[in-house]
Amino acid sequence: MVKTTDVLYYAVHVGELRSIIQWQTWHQAVHERRPDQEAPSLTICFEFLDKTSRSFSAVIQELHPELLVPIALFYLILRGLDTIEDDMTISLEEKTPLLRDFHNYVEKEGWNYAGSGPTEKDRELLVQFQNVTEEFRKVKPAYREIIKDITLKMGNGMADFCQNVEHNIDVVNTIKDYDLYCHYVAGLVGNGLTRLFVESGLANPVLLDRPHLQESMGLFLQKTNIIRDIKEDLDDKRRFWPKEIWSKYVNNFEDLCKPENREAALNCSSEMVLNSLNHADQCLFYLAGLKEQSVFNFAAIPQSMAIATLELVFRNPKMFEKNIKITKGEACRIMMQSTQNLKLVCEVFREFTRKIHKKNTPRDPNFLKISIACGKIEQFIETIYPSQDPKSIIQEPAAPIDPTSKEAKDQAAAAESKSDLVYMLIAVFGTLFLISCIMFGVAYAFGARFDVAFSELTRGKLSKPTDAGAAQSIIHKYDRGEL
Amino acid sequence: MAPPNYSIYAIPTFYLLALVPQFYSTVLVTRATNGRFDNVNPRGAAFADTCRKSLDRATLGRFERAKAAHVNALENLPLFASAVVCANMAGLECGLVNSTAQKPLVDGDGRSAEAQMARFDSHYFSPMDSKIVPTLFGPYTHSHSNPPPPLTAMISLPSPKTPNSVLVIGGCGFLGRHIVSQLLEPSTAKVSVLDLRTTNNRLPGASYHDADITSAEAVRSVLEKVKPQIIIHTASPTAIQDGASAAQKKGAKALYHKVNVGGTRTLVEQAGAIGCVKAFVYTSSASAVHDGHSDLINADERWPVLRAPLQKDAYSETKGMAEELVLAANRKYGDMLTVALRPAGIFGEGDMQLIPNLLRAYGKGQTRFQLGGNENLFDFTYVGNVAYAHILAAVALMDTHALTTRPLDHERVDGEAFFITNAQPLYFWDFTRMVWKAAGDQTTPEQVWTIDRGLGLRLATIVEWLFWIAGGRTPNLTRQKVQFSCMTRFYCVDKARKLLGYGPRWEMEEAIARTVQWFQERDAKDGLEKKVQ
Chain A
1 MVKTTDVLYY AVHVGELRSI IQWQTWHQAV HERRPDQEAP SLTICFEFLD KTSRSFSAVI
61 QELHPELLVP IALFYLILRG LDTIEDDMTI SLEEKTPLLR DFHNYVEKEG WNYAGSGPTE
121 KDRELLVQFQ NVTEEFRKVK PAYREIIKDI TLKMGNGMAD FCQNVEHNID VVNTIKDYDL
181 YCHYVAGLVG NGLTRLFVES GLANPVLLDR PHLQESMGLF LQKTNIIRDI KEDLDDKRRF
241 WPKEIWSKYV NNFEDLCKPE NREAALNCSS EMVLNSLNHA DQCLFYLAGL KEQSVFNFAA
301 IPQSMAIATL ELVFRNPKMF EKNIKITKGE ACRIMMQSTQ NLKLVCEVFR EFTRKIHKKN
361 TPRDPNFLKI SIACGKIEQF IETIYPSQDP KSIIQEPAAP IDPTSKEAKD QAAAAESKSD
421 LVYMLIAVFG TLFLISCIMF GVAYAFGARF DVAFSELTRG KLSKPTDAGA AQSIIHKYDR
481 GEL
Chain B
484 MAPPNYSIYA IPTFYLLALV PQFYSTVLVT RATNGRFDNV NPRGAAFADT CRKSLDRATL
544 GRFERAKAAH VNALENLPLF ASAVVCANMA GLECGLVNST AQKPLVDGDG RSAEAQMARF
604 DSHYFSPMDS KIVPTLFGPY THSHSNPPPP LTAMISLPSP KTPNSVLVIG GCGFLGRHIV
664 SQLLEPSTAK VSVLDLRTTN NRLPGASYHD ADITSAEAVR SVLEKVKPQI IIHTASPTAI
724 QDGASAAQKK GAKALYHKVN VGGTRTLVEQ AGAIGCVKAF VYTSSASAVH DGHSDLINAD
784 ERWPVLRAPL QKDAYSETKG MAEELVLAAN RKYGDMLTVA LRPAGIFGEG DMQLIPNLLR
844 AYGKGQTRFQ LGGNENLFDF TYVGNVAYAH ILAAVALMDT HALTTRPLDH ERVDGEAFFI
904 TNAQPLYFWD FTRMVWKAAG DQTTPEQVWT IDRGLGLRLA TIVEWLFWIA GGRTPNLTRQ
964 KVQFSCMTRF YCVDKARKLL GYGPRWEMEE AIARTVQWFQ ERDAKDGLEK KVQ
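Chains as they are written, first to last, in the numbering used here: chain A, 1 to 483; chain B, 484 to 1016.
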């Protein structure tokens, strides 16, 4: 279904249309799924994957066969957990144990859950969850342990969060709370995925020793989404922006979307963007540790989308009016650039970093900090892909030139045109000189007093005397030698 | 009296000049064909063909080039004329870039002892230059609302039983004064200062000695009095401002050589001879590896120190030579250890170039102009952080000195050079705008008129050319300045982080706020004093 507005948009933005066409035509999956060899339960799982996530489904299905099923199931399990957490129709008494024990249910044969509210969009996934558990039990034990461990941690984090909400405690007060919340919902995923990548041998094991890099991968995505979804979340009475930040700009969280507070809200959002932007360089660092192309694509695409989204929301008042997102054309271009190598991903980051920098304004209280954060990303990119080599700075001695070579001829030609130029200049200045001489000569012949003019000039008088009498008196004085 | 505006006359001159190649081409052709050249309907289609037939190849080439030069010049005339008019309307000559793109300003080489500079100035430069000196320095005060973090918590010099004696050369200068002040903070050291003239910027707790570092006897007598274990050498003449005449430049070059190279050599030799000096810290310059016009991207200590002809700047070259001298002296005189620090773009309280120039531009209302696209990252370093790095370097040398074995190469501090920056490269104009904002500026990006690099260079060429015709003065808009504000120049300070434990004590935001506040307080005080008089 194509909307008229889309047609109009792409009629004007031909470049973006080109990106879409290119992506659709030329993009080749690194690995392809083999649906014909799949068990019926697995096929159902992939159908759910398509239904629950449009953006992740495609990249997951292109993953290396070793990780394809574990990561697809990992996604569905977390989606199930998330559906329970979000569901307001489930009572806290029922919800808490469900969340805390979810890691056990995922292995239980035939387990499913039909208690979700009727309007919950991913309800069906939980109702037919036995397909997921069945497939999950076929997964290699090492992967299973990792996924269960993350499910346990996230389930507990979500249960704590739900209890706090129920007791009306403001959950995200400080920036630390905000980071903790993002840790539970995204940082843990980063950790789990990293362990899966390393376990399968598709990523550098060093990544395991750098938990802050894994954390940044998740937090960068999550925080960016939280910023972008402000309007939607506010309409649903959810608040994820930490009070520590927004209270500097407005008194009530709801005031952020009021038109009269637009400037304050924009400044607030730029502090949120700054907070998110500080993770960007570490995400690039992390990506450098991925060896396999499909894994790289899987991890890089969301990150590139995140920096583009960050640029889109940065100082964009529309974010407080409606849900904004990057256009499909831009998304296709970014995906093309993000499915090749780290260098191109760095280019994407640099491009959007500079765009953010361009929109930065000194009126914003976070102006300098944002500038520094942008500089930090650029400097980091320079450290991994230096554009200068100290060795090349020391000039190499010029090689002797063969007189018959093309260069020698070029040089001779250049020398000739240079001498032409010199002649031309001589002609120009010669003409000027000649004309000047003639003019001065004519003036002299008609009685101009250059001697007087010169001595007056040297005394700093540049303008001519205002009336004829004054001029006469100067000449008079001059001739009498009174000066 | 305002100087007459010569630039307007450039327009008719340009036109006349544009005609010259046409004359030349006509003469050329007439001569080549012995006057039988058919010049009927010169703009007609058949004319080119006539030329091709009747002229030999070389002449034809010359003829066509001259014609093209004529046509080009005429085509460019409207552009040129409007550029001149625009430049006049925009007040460009009044020093738009002056404030921001000054070469020495960006180099941050203003760390010299200003007293020394004043004296050398009057010796070597015309009185015109020295007249600015007294206005640049107010008394140095610590009257800040937010005091710096306590130094004791982070660092103190070793062996507190017998306090170390530290001698700061150039300790009355911009940087030197900050070093003395930080050394006095934990007060575990005996601090002495050697400077050409020590009347300015004295701090209680330090002892002051007047001496000229180019004189071996003077230096020796102070060293014998002070008996320092640590020498921190920051003295250097001020890099010359743009717009100096050729004679001044020549004089300055001799001065740089005398003070930077000769003075440093004397100091190293005397310090080595006296026997008690364990650590010698030299303030070099980040510009030692930079030729002054090309981009320098994330440079680290692998980058070579440049010499002429690659190094076009005399000041930077002498700093590099002095640095080499100091580093070569490591472990040459007994066990005296040496290190060199290369700060980039220093600013701060007492700064005489970077911030005052920016504030002057703000005062003139030049905040609405910007040269270049502002995508060039630049390192600016707060003077307090530079001073802090000097103390860290001194401590590291003392630690090394206390070792019984020599450190491994990759852990070595002695004999090494280190870049020092705020580790927060900023887009060139963002720093500028932040300083202006701290001073009260309200300009928004929409109000800013951006002149891109190419146009800026062309305008500068025209302006420079006009000034040259008008009598050799250097205009405020020069190609060098355009290049400078469009240039990328930032460094990697990982080596200093790793080996010295360096990290900025003052973040950029606080550093700018402190600096601008200091200048405003000083100006307010100056204003008051003037009123009283």
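It should be emphasised that the hints constitute simulated quantities derived from the structure, not laboratory data. The C-beta atom is built at its ideal place from N, Cα and C for all residues, glycine as well. Some clues are possibly wrong.
[What the hints assert, rightly or not] To list a few chain A residues with every Cβ distance to chain B over 10 Å, as calculated:
no.: 1; residue: K108
no.: 2; residue: D160
no.: 3; residue: V348
no.: 4; residue: P362
no.: 5; residue: E378
[To be verified] With a straight-line cut-off of 25 Å between C-alpha atoms, the simulated SDA-like cross-links for lysine to any residue are:
no.: 6; chain 1: A; residue 1: K418; chain 2: B; residue 2: A551
no.: 7; chain 1: A; residue 1: K418; chain 2: B; residue 2: F506
no.: 8; chain 1: B; residue 1: K981; chain 2: A; residue 2: K176
no.: 9; chain 1: A; residue 1: K153; chain 2: A; residue 2: K3
no.: 10; chain 1: A; residue 1: K418; chain 2: B; residue 2: K981
no.: 11; chain 1: A; residue 1: K359; chain 2: A; residue 2: L432
no.: 12; chain 1: B; residue 1: K550; chain 2: A; residue 2: K391
no.: 13; chain 1: A; residue 1: K359; chain 2: B; residue 2: K550
no.: 14; chain 1: A; residue 1: K391; chain 2: B; residue 2: E784
no.: 15; chain 1: A; residue 1: K176; chain 2: A; residue 2: L78
no.: 16; chain 1: A; residue 1: K391; chain 2: B; residue 2: H776
[What the hints assert, rightly or not] Pulled a few chain A residues facing chain B out of the computed Cβ check, cut under 10 Å:
no.: 17; residue: Y10
no.: 18; residue: K359
no.: 19; residue: S371
How the hints compare with the structure:
Listed as a non-interface residue, K108(A) keeps its Cβ farther than 10 Å from every Cβ of chain B; the least gap is roughly 52 Å. Listed as outside the interface, D160(A) is consistent with that label: its C-beta sits roughly 34 Å from the nearest C-beta of chain B, beyond the 10 Å cut-off. At roughly 16 Å, the least C-beta separation between V348(A) and chain B is larger than 10 Å, which holds for a residue marked as non-interface. Separation of P362(A) from chain B is inadequate, the least Cβ-Cβ distance of about 5 Å not exceeding the 10 Å criterion.
Non-interface call for E378(A) relative to chain B: violated, since the shortest CB-CB distance, roughly 6 Å, does not exceed 10 Å. Of the supplied pair hints, the one linking K418(A) and A551(B) holds, its CA atoms being roughly 15 Å apart against a limit of 25 Å. Between the alpha carbons of K418(A) and F506(B) the distance comes to roughly 19 Å, so the proposed pair stays at or under 25 Å and holds. This hinted pair does not check out: K981(B) and K176(A) have alpha carbons roughly 29 Å apart, beyond 25 Å.
Straight-line distance between C-alpha atoms of K153(A) and K3(A) comes to about 43 Å, which puts the hinted pair past the 25 Å bound. For the hint pairing K418(A) with K981(B), the CA-to-CA distance comes to about 53 Å; that exceeds 25 Å, so the pair is violated. Distance hint between K359(A) and L432(A) is unfulfilled; the C-alpha atoms sit about 50 Å from each other, more than 25 Å. About 45 Å separates the Cα atoms of K550(B) and K391(A), which puts this hinted pair outside 25 Å; it is violated.
Note on K359(A) and K550(B): the hinted pairing is violated, with a Cα-Cα distance of about 47 Å set against a maximum of 25 Å. A C-alpha spacing of about 12 Å is found between K391(A) and E784(B), which places the hinted pair at or below 25 Å, so the restraint holds. Proposed proximity of K176(A) and L78(A) is supported: the alpha carbons are some 23 Å apart, at most 25 Å. For the given pair, K391(A) sits about 18 Å from H776(B) by alpha-carbon distance, which is consistent with the 25 Å threshold.
Residue-level restraint check for Y10(A) is violated (minimum Cβ-Cβ distance to chain B is 29 Å; threshold 10 Å). The beta carbon of K359(A) is positioned within 10 Å of a beta carbon in chain B (closest approach about 8 Å), and the interface hint is therefore held. Against a cut-off of 10 Å between C-beta atoms, the interface hint on S371(A) holds, since the closest Cβ of chain B lies about 4 Å away.
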